[in-house]
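Each chain, written out:
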Amino acid sequence: MNAPVSTLNARREKAREGFRSNGVPHRRVEEWKYSDLHAVLGADKVEQAGAVSWKINELPDGVELFDLSKKKLPDWVKQHLGSLTRTNAMDAASLGFATSGFALRVPRGGSGDVKIRLSGEGQARALIVLEEAASLTLVEDAAEFSGFQNIGVEIVLAQGSHLTHLRRTPKAAQAIRICEISSSVARDATYRGHFADFGAKLSRTELHIALDGDGAQTHLSGVGVLNDGHADVTTHVTHTGGKTPSTQLFKYVAGGHARGVYQGKVTVAQGANGSDSRQTAKGLLLGNRAEIDLKPELEILADDVKCAHGAAVGDLDAESLFYLRSRGIPENEARALLMRAFIGDAVAQIENETVRASIWQEVDAALEGLS
Amino acid sequence: MLEIKNLHARVGDREILKGLTLSVGAGEVHAIMGPNGSGKSTLSYVLAGRAGYEITSGSITYKGEDLTALSPDQRAAKGVFLAMQYPVEIPGVTTLTFLKTALNAQRRARGEKEVDAVGVLRLVREKAAAMKVSEEMLKRPLNVGFSGGEKKRLEILQMALFQPVLAILDETDSGLDIDALKLVAEGVNALRSPDRAMLVITHYQRLLNYIVPDRVHVLSGGRIIKEGGKELAHELEAKGYEQIIKDAA
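Sequences listed follow chains A and B, in order. For what it's worth, our numbering labels the leading residue of the first sequence as 1, then goes sequentially. For what it's worth, our numbering labels the leading residue of the second sequence as 1001, then goes sequentially.
Hints are computed from structural coordinates only; laboratory data are not their basis. Fair warning: there could be bad hints in the mix.
One-sided excerpt, in silico: chain B residues whose CB lies under 8 angstroms from chain A [stated by the list, open to error]:
(1) Ala1048
(2) Arg1050
(3) Pro1072
(4) Leu1082
(5) Pro1091
In this text, a Cβ means the ideal position worked out from N, Cα and C, and glycines have one as well.
Please build the complete structure, drawing on both the sequences and the hints.
Here's what the structure looks like:
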């Protein structure tokens, strides 16, 4: 990480510089190897992108909301906004150029559910701050659109706080959507992130989760059901605190010309003893024009840790398919049943029943197009 | 009910069935016995319509219809059931969901009314008790973590639930201890009926002590080389396959 820059204006200026010196990432940049953004997007488009609009219908008692397009920022926004920015060019772009966005703060011990709807082309910045022992369920719903969208999200989780973040992105054949999420997770705090992506021209969700405090944890899961189109989840979980558990479970089903990408890096820093990290990524390839790239990566600098990772790509199991068909289940239905079973454990990670049911509905509809 | 005439079938480049002829009438139980590699499992897969098993000549007629023209699921809907030697494990699909989906798919294909969740549960519970399949097993993913005996009991439970017209049991006795064998045999015997035919495929005579066949056929080198009544199974047990094959040659 770069040295901290004191004022928000300075952080924004530095971000703009950062973007301009790197430009739009292309496939020769290792982390963008499978998602060549440069091929579909010019730098001028990024600088001149408009403002993504957002809408929050109901705000729980005690939760503060601030519109980032307003001039006079409160201290808590000034303190945190741009403080978690990484070297990623697109994250720098959203910090440097976005003129819209929102900041949410849940006070100490407070809790609630917030639904947010993001729509249209352009860029936006979001800041979410949970004070000590606060908890929040944030459900993000993206409206269908075509064009370029870039959203940078910073999440600051204080001691003992708990955020569940659900992000669902509908199928949008003409859309280029980028989302970078950076979170610092303090002692005994938890970040849970669940993602469902149904494909775009290029779709990238990037997560940087820093488990800074002892006992901090993160649980990430996602599904990509793609009957064409692209979906990329790139994660970097850093264990700095001791006894920090992290789990990741991502599943892709890809048909047609679809491309599913998972790149997951886990770093266990020196002294992060008792860390326990598990990463699983699996893909189901339907047809020979689809592609799935899974790349789990481990960097361990501590001694007493448990780390496991696994990745596998395959076709539907012919024996299972025959078994189901021999019981009278027609081929399409049998295939859909097996695909549903394949994805099931990743969807099951979503604890919120209403959201889980609605994700299932969308998954089922998308699977129908594939079977 | 089932007429197999001069059937030749291959898997890849290898011809496994080489002129098999067999006739099974309604209400009859026929046993197919044979050594390893004689084509027993190939016969069962060919009858169920598994992909990769190619019929090169001959015919299979089931209730007057060309069976080979039907897909595996169409065969099932028309009453063909194969109890498999190695039932597959399907994580992520609970046993009860699977049973409900299969039962209703068959009913739908036959133009019958589907059974609702409560109705399926009642039907399944009724059959499960006899096969000692617990509620807990029904809630588990299909066959996942089931013992060999549990898997075979679930196969017979399915047979009881689907009420097939032609049931093929492929080495249902393999991997079963004597108690499980008796339980499975009782389940099968309870399904014997004048309208139903059964083909019991086995390596050993043991199962036929409990499921007594009307006819016994010896399969060797992809053909039926000897036929007889239930006493043929005992003769096989006494003499061994090698001697019987030699005698038949």
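Could you work out which earlier hints the structure fails to respect and list their numbers in ascending sequence? none
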